[in-house]
Amino acid sequence: MSHASLPDKPALEGLEAKWGAAWEAQGTYLFDRDAAVAGGPDSVYSIDTPPPTASGSLHIGHVFSYTHMDLAARFQRMRGQNLFYPMGWDDNGLPTERRVQNYYGVRCDPSLPYSADFTPPLEGGDNASSKAADQVPISRRNFIELCERLTAEDEKQFEDLWRTLGLSVDWTQTYRTIGDHAQRAAQRAFLRNLARGEAYRADAPTLWDVTFRTAVAQAELEDKEVPGAFHRVSFHTPDGGTIDIETTRPELIPACVALVAHPDDPRYQPYFGTTVTTPLFGVEVPVMAHHLAQQDKGSGIAMVCTFGDVTDVVWWRELDLGLRPVLGKDGRILSDAPDGIEGAGLETYAELAGKTVFSAKARIVELLRESGDLKGEPRPITHPVKFFEKGDKPLEIVTTRQWYIVNGARDEELNARLLQRGREVDFHPDYMRVRYENWVGGLSGDWLISRQRFFGVPIPVWYRLDENGEQVGEPIVPTEDQLPIDPSSLTAPGFDEAQRGQPKGFVGEVDIMDTWATSSLTPQIAGGWEDDPELFGLVFPYDLRSQGQDIIRTWLFSTVLRAELEHGVAPWKNAGISGFIVDPDRKKMSKSKGNVVTPAGMLDEHGSDAVRYWAASSRLGTDAAFDPQNPKQIKIGRRLAIKVLNAAKFVYSFEAPAGAISGTDAITEPLDIDMLATLGEVVRTATQAYEGYDHARALEVAEQFFWTFTDDYLELVKERAYGSQGAQGQASAVRALQLAIDVFVRLFAPVIPFATEEVWSWTHGSEGHGSGGYGGSVHRAPWPTVDELGVDAQHGGLLPLVSAALIGIRRAKTDAKASQKTPVTRAVIAGPTLLELAAGDLAAVGRIAELTFSPADEVAVLEIELGELPPA
RNA sequence: GGGCUCUUAGCUCAGCUGGUAGAGCGCCUCGUUUACACCGAGGAUGUCGGGGGUUCGAGUCCCUCAGGGCCCACCA
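1 is the number of the first residue of the first sequence in our numbering; add one for each residue after it.
Quick caveat, the hints were computed from the structure, so don't treat them as lab data. Just so you know, even glycine gets a beta-carbon here, dropped at the ideal spot from N, CA and C. Any given hint could turn out to be false.
Subject to a maximum C-alpha distance of 27 Å in a straight line, what follows is the list of computed DSSO-like cross-link-like pairs (lysine-lysine) [said to hold, decoys possible]: (1) 355 x 393; (2) 649 x 573; (3) 813 x 643; (4) 9 x 718; (5) 393 x 329; (6) 386 x 329; (7) 386 x 355; (8) 18 x 635; (9) 18 x 643; (10) 224 x 9; (11) 224 x 393; (12) 718 x 643; (13) 329 x 390; (14) 297 x 386; (15) 375 x 355; (16) 156 x 390; (17) 632 x 649; (18) 635 x 649; (19) 355 x 390; (20) 632 x 9; (21) 718 x 821; (22) 643 x 821; (23) 718 x 632; (24) 224 x 329; (25) 18 x 224; (26) 9 x 649; (27) 297 x 393.
Per label pair, the in silico range of CB-to-CB distance [stated by the list, open to error]: (28) 238 x 113: 55 to 65 Å; (29) 681 x 34: 32 to 42 Å; (30) 192 x 491: 48 to 58 Å; (31) 157 x 27: 21 to 31 Å; (32) 662 x 858: 15 to 25 Å.
Generate the whole structure from the sequences, applying the supplied hints.
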């Protein structure tokens, strides 16, 4: 084996650029379509990858979980699987809109006409400059153009980062959730849901974000603890008495439709079936019983409004109550009073109309105080309130017309099927399935997919208008071959564009789909569903879904749902769930805490292999602590990568004596055989670990033996490898060393792809196809097997004995404060007789002139006499 | 309120189907320039969160208590 190409001083610096370019040029990670067709679906390992939000910034958590995914990909590739490993960008939706608003200083006003030569007032604005008043209103089309422009730039940066990190993605297989291809898939899936009755439009109370003025789905809710106050307020009974309720939302008194108490509550039983009148407005409302009312909360009787919270919605529905809406979509009190408010009540209402919730509450408290209906002072409390996860004002509930997709919340049979699909997926770790099951079991309503926003996939339907301009009948749908369409610009079939918005004409749906309605279809989008049936048949269902645990209820659940509705199967065989990153104080990393470090900076500073090692040393599902000030694990990873370079260089610098036989037949020394046998066990353990998606265990076992290999074995045999004990011993050592390194490099290849590729290239260069080599990239080389080591995997335990003896000798020298190079004139070592098989190596590394053994169970240095270190 | 998960050396964590404590970092001592100073060798460090139980034997199984984290839950 020639070692002419060994570097003088190997280094990690520059390997990312060098090998990134080489992999790209050689197509190392390309999906081999022809081979896949020939080999069938079982030859393909397909990964459903998370499309990162293009408008967001990548953080350390992304690096963490994407590395986990890549470890599985690289292992499977080396096992001979044909990798279908695409990458997408989630670029539609609210985050992009918000970023565009801030970046360019604009906002979308759909009423404005398109301006062809529009130049944004700002370029590169940040979140801090997001004053709505300063933003220039632009047309929807101009706005979308800016969205597309900015996301394209963001995506380029993301790709660069992923390449630097060494993700072995096939970059010819990319998609954007806003791209035509994804839109077509999303619209087609929707139309099929519609045709099968799984998608429907309904007027219903909807959680509504007043800032973004859009409906939001259950999965996007987040509870926040906020300050509030209990107000004790008197309602009036017909006989002049009062019933006191407690509310945190007195501004909703005009929206009150009933009082509700628990059926068993003796305090209110006499009132059930009677009516009371509301304070200030004098509206007559019934007192009713319902089991959801809690006797120990507040005064035990609750005011039901249109709508203060989701319980109100339940009561409204189950008790068949009326509606008195007072809140508009802008979060302000409506100008028109609801039904039932009359006379003086109307004047009171007029004082509130147009006010925000906040100021309406302040005013109504004043009014209650004046009327004497406020009992005592408001009691401050802190209570959980529902927020849109991206919003900063509490959600309101307003009745709007929205699109829904069934999700099993109201359909036990579907719910059971979804749970069954969840059981068909192997979760890693397994307990993450519970989160899925909790979510499926706790669904409270169908999936609201429509959003009143701009940058997203349009809901592809039109509506017929009657002579009054009201929508009537079933929606008009396009044919699948027309997709993707925008009903706002495309004329409905059977109509002229002039009829748009006219009586007896048509109107296009203006809502778009929520981003999850698109990203729930990533397997279909990436896999060429309907557009490329051959490909789809090869990759779907996928082998692996890799994602963070925070989006089980959104992305994971919705993907299972869409696959079940469309294909009747689970979308993947495995789901790998990564934990998240916590700072040293065990708090989740967040921008507000200022503890976020940029991945690009980390990769640059420590090297990609080092950062990957850090990620790989955490198991799936486990949160990882990370201290940007002291990235210990990263430094250890860097040390490993450097050690691999140096050890490989050293090992390959040896040459077998002329005429030595090749292959494992040359390996005859017991210590060499023993080392390889142990390595065989390492290979077996690491392989099983990777098969079970336990990359951390695989790394640990390989790494642990690697250090034994370099610190003990390599030290023990290097004299022999130089030829000190004859040709046969030399050949045995050299062959064993080089075989072992070849195996180690492949074991480490998934974790540190750059350093291992560098080492591999020294002896397996693509032009060389060196002896015993596989040619090309280590990442295309076969995963190591026990068989190729040419030894029985049961080792005799010789290496640990020799290591123990070596430690004893070293300790004697250390105790004497002597150099390890100090010669030993005479030594007696106790230990099992097996140990004597390594006498030559032990004497050589210890520089022992006269070495004798004494049989014993335990290894110990019985006698040792140090000589003089010869002058330099 | 329900569920999941964690609690092992100063720190970060391994300890798989129960057999009597491990790694790395940090720390202390020593060494070294023909693989590696982005280095090497040696050393010290733990009533395995508390309490019960099963067992010949428990960090490992069961119960219970305490604390951390996360997810879910009907916000009066």
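Each hint, compared with the structure:
no.: 1; hint: 355 x 393; verdict: holds, 15 Å
no.: 2; hint: 649 x 573; verdict: violated, 41 Å
no.: 3; hint: 813 x 643; verdict: holds, 25 Å
no.: 4; hint: 9 x 718; verdict: holds, 19 Å
no.: 5; hint: 393 x 329; verdict: holds, 13 Å
no.: 6; hint: 386 x 329; verdict: holds, 16 Å
no.: 7; hint: 386 x 355; verdict: holds, 21 Å
no.: 8; hint: 18 x 635; verdict: holds, 22 Å
no.: 9; hint: 18 x 643; verdict: holds, 20 Å
no.: 10; hint: 224 x 9; verdict: violated, 56 Å
no.: 11; hint: 224 x 393; verdict: holds, 10 Å
no.: 12; hint: 718 x 643; verdict: holds, 16 Å
no.: 13; hint: 329 x 390; verdict: holds, 17 Å
no.: 14; hint: 297 x 386; verdict: holds, 19 Å
no.: 15; hint: 375 x 355; verdict: holds, 24 Å
no.: 16; hint: 156 x 390; verdict: holds, 25 Å
no.: 17; hint: 632 x 649; verdict: holds, 26 Å
no.: 18; hint: 635 x 649; verdict: holds, 21 Å
no.: 19; hint: 355 x 390; verdict: holds, 24 Å
no.: 20; hint: 632 x 9; verdict: holds, 25 Å
no.: 21; hint: 718 x 821; verdict: holds, 14 Å
no.: 22; hint: 643 x 821; verdict: holds, 22 Å
no.: 23; hint: 718 x 632; verdict: violated, 31 Å
no.: 24; hint: 224 x 329; verdict: holds, 21 Å
no.: 25; hint: 18 x 224; verdict: violated, 48 Å
no.: 26; hint: 9 x 649; verdict: holds, 9 Å
no.: 27; hint: 297 x 393; verdict: holds, 25 Å
no.: 28; hint: 238 x 113: 55 to 65 Å; verdict: holds, 59 Å
no.: 29; hint: 681 x 34: 32 to 42 Å; verdict: holds, 38 Å
no.: 30; hint: 192 x 491: 48 to 58 Å; verdict: violated, 23 Å
no.: 31; hint: 157 x 27: 21 to 31 Å; verdict: holds, 23 Å
no.: 32; hint: 662 x 858: 15 to 25 Å; verdict: violated, 39 Å
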